[in-house]
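Asks: Sequence:
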Amino acid sequence: MNRLLFFFIILNLAHSSCPNGFELVRDGECRGRYTAVNSNWNDISRTAVTRCKEIQGKAVIIHNDEHQSYWRNRVPSETLFMGIVCNSSSMRWEWDDGSSVDYRPKEGYMEELDAEYKPGQSWDMHDNGYWHIAYGTDMEYSLSIFCTTQLQQPPDYGCDSFEDTEDGIFCQVCKIGKMRKTPAEIVDPLWPLFIIFRISRCWSRRLPRDGHFLWFGRVDERPVLLEACGGVRSESRPEARVHRRAVVRGASSTLLIIAISNQIYSPGYPYDASVPCDWFLTVPAGRRVRVQIMLLEANSCCDRLVLQDATLGGNIVAKCLFKFSKFSLTGEITDRVFTTSSSNLMRVSWQPQGGVNVRGAMFTFNAGSQFGWIDGSDWDYDHFYPGFPITGLGNCVAMNTTGTTGEWVNTDCTSKQAVACERTQHYSPPGCSAGPWNEGDIIYSPGIPTSASTPRDFILSVDTGKLLQVELFILEANTCCDRLVISENYICGTVLANLTGEVSDKTYTTSSSNFMRGSWQPNGGVNVRGFM
Numbered sequence: 001m002n003r004l005l006f007f008f009i010i011l012n013l014a015h016s017s018c019p020n021g022f023e024l025v026r027d028g029e030c031r032g033r034y035t036a037v038n039s040n041w042n043d044i045s046r047t048a049v050t051r052c053k054e055i056q057g058k059a060v061i062i063h064n065d066e067h068q069s070y071w072r073n074r075v076p077s078e079t080l081f082m083g084i085v086c087n088s089s090s091m092r093w094e095w096d097d098g099s100s101v102d103y104r105p106k107e108g109y110m111e112e113l114d115a116e117y118k119p120g121q122s123w124d125m126h127d128n129g130y131w132h133i134a135y136g137t138d139m140e141y142s143l144s145i146f147c148t149t150q151l152q153q154p155p156d157y158g159c160d161s162f163e164d165t166e167d168g169i170f171c172q173v174c175k176i177g178k179m180r181k182t183p184a185e186i187v188d189p190l191w192p193l194f195i196i197f198r199i200s201r202c203w204s205r206r207l208p209r210d211g212h213f214l215w216f217g218r219v220d221e222r223p224v225l226l227e228a229c230g231g232v233r234s235e236s237r238p239e240a241r242v243h244r245r246a247v248v249r250g251a252s253s254t255l256l257i258i259a260i261s262n263q264i265y266s267p268g269y270p271y272d273a274s275v276p277c278d279w280f281l282t283v284p285a286g287r288r289v290r291v292q293i294m295l296l297e298a299n300s301c302c303d304r305l306v307l308q309d310a311t312l313g314g315n316i317v318a319k320c321l322f323k324f325s326k327f328s329l330t331g332e333i334t335d336r337v338f339t340t341s342s343s344n345l346m347r348v349s350w351q352p353q354g355g356v357n358v359r360g361a362m363f364t365f366n367a368g369s370q371f372g373w374i375d376g377s378d379w380d381y382d383h384f385y386p387g388f389p390i391t392g393l394g395n396c397v398a399m400n401t402t403g404t405t406g407e408w409v410n411t412d413c414t415s416k417q418a419v420a421c422e423r424t425q426h427y428s429p430p431g432c433s434a435g436p437w438n439e440g441d442i443i444y445s446p447g448i449p450t451s452a453s454t455p456r457d458f459i460l461s462v463d464t465g466k467l468l469q470v471e472l473f474i475l476e477a478n479t480c481c482d483r484l485v486i487s488e489n490y491i492c493g494t495v496l497a498n499l500t501g502e503v504s505d506k507t508y509t510t511s512s513s514n515f516m517r518g519s520w521q522p523n524g525g526v527n528v529r530g531f532m
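Be aware that the sequence shown starts at 1, since it is given in the numbering used here, and climbs by one per residue.
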């Protein structure tokens, strides 16, 4: 039954996740690159608005510095197009959701933004944050479409408005299931029945008056012991205990959540994620705590879930994994497992800064293996001698390298043993100056001379009325695949040179423009250096 209920939970939530590749940023808003289209500059803004509607989204909209900073850091090589469209009544620019263009970037913008609309124009952002208007060509280009979508919020089942009674106690009795054969079988069609319990006379005043009883719940269909500290323990599972303390809507005393499933939820899940909460999880001595995050939905700007080895002051368990902030979990995460390195205690801390339009956390835990890898990764392989590990011999593991099979034994951690170490290679990812560049600057492809696989565009300029000349010191590119394209103007200009292979000591000059665009376009960039 528990697995069936959990299946319905996931089924009901699946439709409201961020689109694939999008990031959950703030206030339940997902942002990301949706697709690429072949379009000309005149139609690309309208195309972006139309394509984003396919995923119930909107094209890029910027109302404040946070929006501007976020999208500036994600401008692709072909620039980023925004959802600025014409208001046919006022003939002024507006965002595609009908809101006014009330923000002006400090990086600058073209004066047409404050003028009347003219047909055949689209607005884009350059990688320096400058807003530019594009028009005047019917040539088609491959252009990226970026969108934002909003997470759908779950329906209200009538159990999220707690009454403020005359003694300041917040409480609510929710009739969300029908009585079946036993209290353990009281279920809701979609959600496991959970009851928030506070030791208070509030509940005696709120008991149902239809002849039913107020049941506090069961865990794993087995009797539950209610402990004064606010813990939950199954009589048939003494190895796993959870202690939870929280503050809910102004109430300042211990709360207890009991569920017929084994899941633990952040307060208010899934309607409200704004309430912080700490859980202290314990398993028997000698075992490690293993937590499975079944679902986390948190704004990456603001909210986080911290997993800590032991209790206060322990090492951070979830520290160096993809999609996680430096010391915690955030964004959208499903079905991930984390284990303490050695302790039988773990502190799980939900730390929202608003928790706006997200659900929060749902997880479970159990007693993991006696041993664990020092980096916190899963203990998913062992190679002990038959009969090992032996209780009392020690809590460290050693490999026998004198034999042929390399089998393991457990041993005292203070014994002297040879140690082998490994570390990741020191590596600096390819990068290049973001510009702008001055006359005489040396410009080079990202990663030179060890890597040439990263594409990059360079827009160069000199004073108005002057021509621009570049000197190519060296180009090393595979003729099958890689090229350096030098064009007049900063966009849609005449190609001055389309270079590949080995080139050195060449100069190229614009014919009429004070702008030039250099585009490094590797298709692999294998075993070559790039350009300078």
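It is worth saying that the hints were derived from the structure and are not from the lab.
Be a bit skeptical, because a hint or two may be false.
Stated by the list, open to error - Pair by pair, the computed Cβ-Cβ distance ranges are:
{"hint": "1", "residue 1": "S69", "residue 2": "R92", "range": "19 to 29 angstroms"}
{"hint": "2", "residue 1": "D380", "residue 2": "N438", "range": "53 to 63 angstroms"}
{"hint": "3", "residue 1": "S88", "residue 2": "V337", "range": "53 to 63 angstroms"}
{"hint": "4", "residue 1": "N20", "residue 2": "N87", "range": "51 to 61 angstroms"}
{"hint": "5", "residue 1": "P76", "residue 2": "R46", "range": "15 to 25 angstroms"}
To be verified - Below, in silico cross-link-like pairs of lysine to any residue (SDA-like), each with a Cα-Cα straight-line distance of 20 angstroms or less:
{"hint": "6", "residue 1": "K416", "residue 2": "P436"}
{"hint": "7", "residue 1": "K53", "residue 2": "P105"}
{"hint": "8", "residue 1": "K53", "residue 2": "G98"}
{"hint": "9", "residue 1": "K53", "residue 2": "S69"}
A virtual CB, placed ideally from N, CA and C, is assigned to each residue, including glycine.
Asks: Tell me the hint numbers this structure goes against, listed in increasing order.
Replies: Hints 4, 6, 7 and 9 not satisfied by this model.
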